[in-house]
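So the protein lines, in turn, are chains A and B. In case it helps, our numbering puts the first sequence at residues 608 to 775. In case it helps, our numbering puts the second sequence at residues 9 to 567.
You may find that some hints are simply not true.
Said to hold, decoys possible - The list that follows gives simulated cross-link-like pairs (lysine-lysine, DSS-like), each with its CA atoms no further than 25 Å apart:
{"id": "1", "chain 1": "B", "residue 1": "Lys176", "chain 2": "A", "residue 2": "Lys668"}
{"id": "2", "chain 1": "B", "residue 1": "Lys202", "chain 2": "A", "residue 2": "Lys618"}
{"id": "3", "chain 1": "B", "residue 1": "Lys330", "chain 2": "A", "residue 2": "Lys618"}
{"id": "4", "chain 1": "A", "residue 1": "Lys672", "chain 2": "B", "residue 2": "Lys117"}
{"id": "5", "chain 1": "B", "residue 1": "Lys26", "chain 2": "A", "residue 2": "Lys661"}
{"id": "6", "chain 1": "B", "residue 1": "Lys176", "chain 2": "B", "residue 2": "Lys26"}
{"id": "7", "chain 1": "B", "residue 1": "Lys112", "chain 2": "A", "residue 2": "Lys668"}
{"id": "8", "chain 1": "B", "residue 1": "Lys202", "chain 2": "A", "residue 2": "Lys668"}
{"id": "9", "chain 1": "B", "residue 1": "Lys330", "chain 2": "A", "residue 2": "Lys672"}
{"id": "10", "chain 1": "A", "residue 1": "Lys661", "chain 2": "B", "residue 2": "Lys317"}
{"id": "11", "chain 1": "B", "residue 1": "Lys26", "chain 2": "A", "residue 2": "Lys668"}
It should be emphasised that the hints constitute simulated quantities derived from the structure, not laboratory data. All values reported here derive from a predicted model rather than from experimental measurement.
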Amino acid sequence: MTLISTIVEHKPGVLFRVSNMFRRRGFNIESISVGPTEHPDLARMTIMIRGDEKLAGQVVKQLRKLIDVISVQLLEEEQTVQRELALVKIRVENPEIRREIMDYTNIFRGRIVDVAPNSLIVEITGTPDKMDAFINLIRRFGILELSRTGITALSRGEATIIKTVRAV
Amino acid sequence: MEEISGAEALLEALRREKVDTIFGIPGGAILPVYDELYDSDIRHILCRHEQSAAHMADGYARASGKPGVCFATSGPGASNLVTGIATAYMDSSPLVAVTGQVPKAMIGKDSFQEIDIIGITTPITKHNFQPMRAAEIPRIVKAAFYIAATGRPGPVLIDIPKDVQTEKDSIAFPNEVKLRGYNPHIPLRMDEVKRAVRLLYESKKPVILAGGGVKSSNAFSELHELSEMLQAPVATTLMGKGAFPENHPLSLGIVGMHGTPEANRLTIEADVILAIGIRFSDRTTGNVEEFCVDSKIIHIDIDEAEIEKNRYVDVAIIGDAKEALKTIIEGLRSIGIAEKKEWRERILAIKEHYKERNMDEHFKLTPPLVLKTLRRVLPEDAIITTEVGQNQMWAALHFKVFKPRTFISSGGLGTMGFGFPAAIGAKVAVPDVPVVDVAGDGSFCMTENSLSTAVAEKVPVIVLILNNERLGMVAQWQRLFYGRRYSAVELRNPDFVKLAESYGAQGWRVADINELENALSQALVSEIPSVIDVPISPEEDVMPMVPPGKGLAETMGVT
């Protein structure tokens, strides 16, 4: 897995240009998360791809060619804070199960954000591994619905890609 | 500030980009622009199909080196441009296409003649724009020309909703472009240049492969100097043909699937390959896994994404070819180059070995002989364009090119129907030299209606049809690889002489080389377009040939 962080123009059509480049070149997007940055005219895309170093290098170069892509960075795992958010709606058949799910949620530092007679929605954030572990643990109760955001990430320390962007 | 309309702003912005000619067809969604064109000094050439408009603008760009411009209306007008835009994209040709779009409020409603041309052209343009206010137009036009012509050139599309064309505003015209996501000026990495210089210095058997990038950066004299300095023979890709004079003792002609035997042979033997502005296309390398596995490869390209896209390289120099070659030459000059006597002798011996048989069959119209006759009759600076297929490969193999920008062909996309409209565009750009489209009958029939444009606009180009009444290259593949099962390749053609005449052009059908020479000499002084129909044998193959999927070492048709 390779994680790529990009700063792009925050305007309509840019996500299409990026995703279309992946499709046209036969690259596969594992996950992508997009959102505004602290600058209203810039957005950040965090893209996870599956593939070797050579493929990652080519993806980065093809991304840089897009006029709306301002900055691209390959993120190294140790040097990066990675988070994902998931909302999991779980079937609750009896109070014992509810108790059990609440325990797991606490252990994983998640939160119960919705309670209904026969279901719960748990909000959980963390690294993709942590999410997978939680989901596997509660799978046996019956997952009614699951929504994951895809990874968002920032490199550790003071360095930012936006700073370089603004200087241009 | 006086208020002007979006359409006025567009034409003023084009004028400021020194656009003198536009190729296009009007229609409902671009009428406000055409209304402004009525009062403009810019020459408009009315085409008969938008595909041809794009090819003409492309031909104009390739012959002149400056961006070509085409106009089309929304919907089918815009979608008809697609093949032309894709052709320019694959061959890195600077093109600016302007399309009309339905009014803003009607976008997305499947309105009459609406098409999402931004979505459609995203993968085949370097960039595209859709101004939503008239005031954006000057900045967008400036950016479009900048993007199209700089870095690795390519097509840019501007799609303007009809109400943005009519909207009036106080509109300012910027003098500069600022695009924070685009910087085509890449400084050379000197460590890589030094490694290249060292490799070239130590090489015993260097070969230069020159591609379209040499043309884009006008690096002709540097290539010439470096080749002589290193005594490195130069083979070009199809797109690079013309980058190095083909009458030079170090010229090998084109390399690849239909490359010359000497180019393919010496490329295999090289210990160092200097690849300049090429993308290691499958048509150039043959099976890329087998391509020059034992040689060191130095790759110069302005597009970093070309580095190791198709082929692993030892040294990568990202940047402008002209600047890179200059720096390499300086580097080599400071070390000095040793005589490569053995390599020089080998080059001469190989060239001598493959020197063609004496073509003294004076009355037989073989394609190689036709092309050699054409070369003899035409001045050195004449431009030839080609269609796609056998005609193109015969032209590439047998028509020697001496000057830059005088060989224009659709390499990447391989677009049949390209050559004739491209010839018209080239002739409009460079009116003082003869322009000849080397055509096949199948290709010519795809855009022959441009004869109408050529006659009406008084653009006296010459179309020379190598007529085998076949889709010749397909027939060749069927002959060689499908056991002569000729599926859907035989053509029933019009009488090309009458066809030409009915358009108001002139036509000849020639039976031997003397008649060909006669027809050519009349066509060359004519003020109307000419079509010369040259019947050739339908059994004739383009040889040599590297079979698809094979390596350069497996060239067929070489004795």
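How the hints compare with the structure:
1. B/Lys176 / A/Lys668: With a Cα-Cα distance of about 41 Å, the restraint between lysine 176 of chain B and lysine 668 of chain A is violated, given a limit of 25 Å.
2. B/Lys202 / A/Lys618: violated, 42 Å
3. B/Lys330 / A/Lys618: With Cα atoms ~36 Å apart, lysine 330 of chain B and lysine 618 of chain A exceed 25 Å; violated.
4. A/Lys672 / B/Lys117: violated, 32 Å
5. B/Lys26 / A/Lys661: violated, 43 Å
6. B/Lys176 / B/Lys26: holds, 24 Å
7. B/Lys112 / A/Lys668: Status violated; Cα separation ~34 Å.
8. B/Lys202 / A/Lys668: With a Cα-Cα distance of about 23 Å, the restraint between lysine 202 of chain B and lysine 668 of chain A holds, given a limit of 25 Å.
9. B/Lys330 / A/Lys672: holds, 21 Å
10. A/Lys661 / B/Lys317: Within the cut-off at roughly 9 Å; holds.
11. B/Lys26 / A/Lys668: violated, 33 Å
When held up to the earlier numbered hints, the structure conflicts with 1, 2, 3, 4, 5, 7, 11 and fits the remainder.
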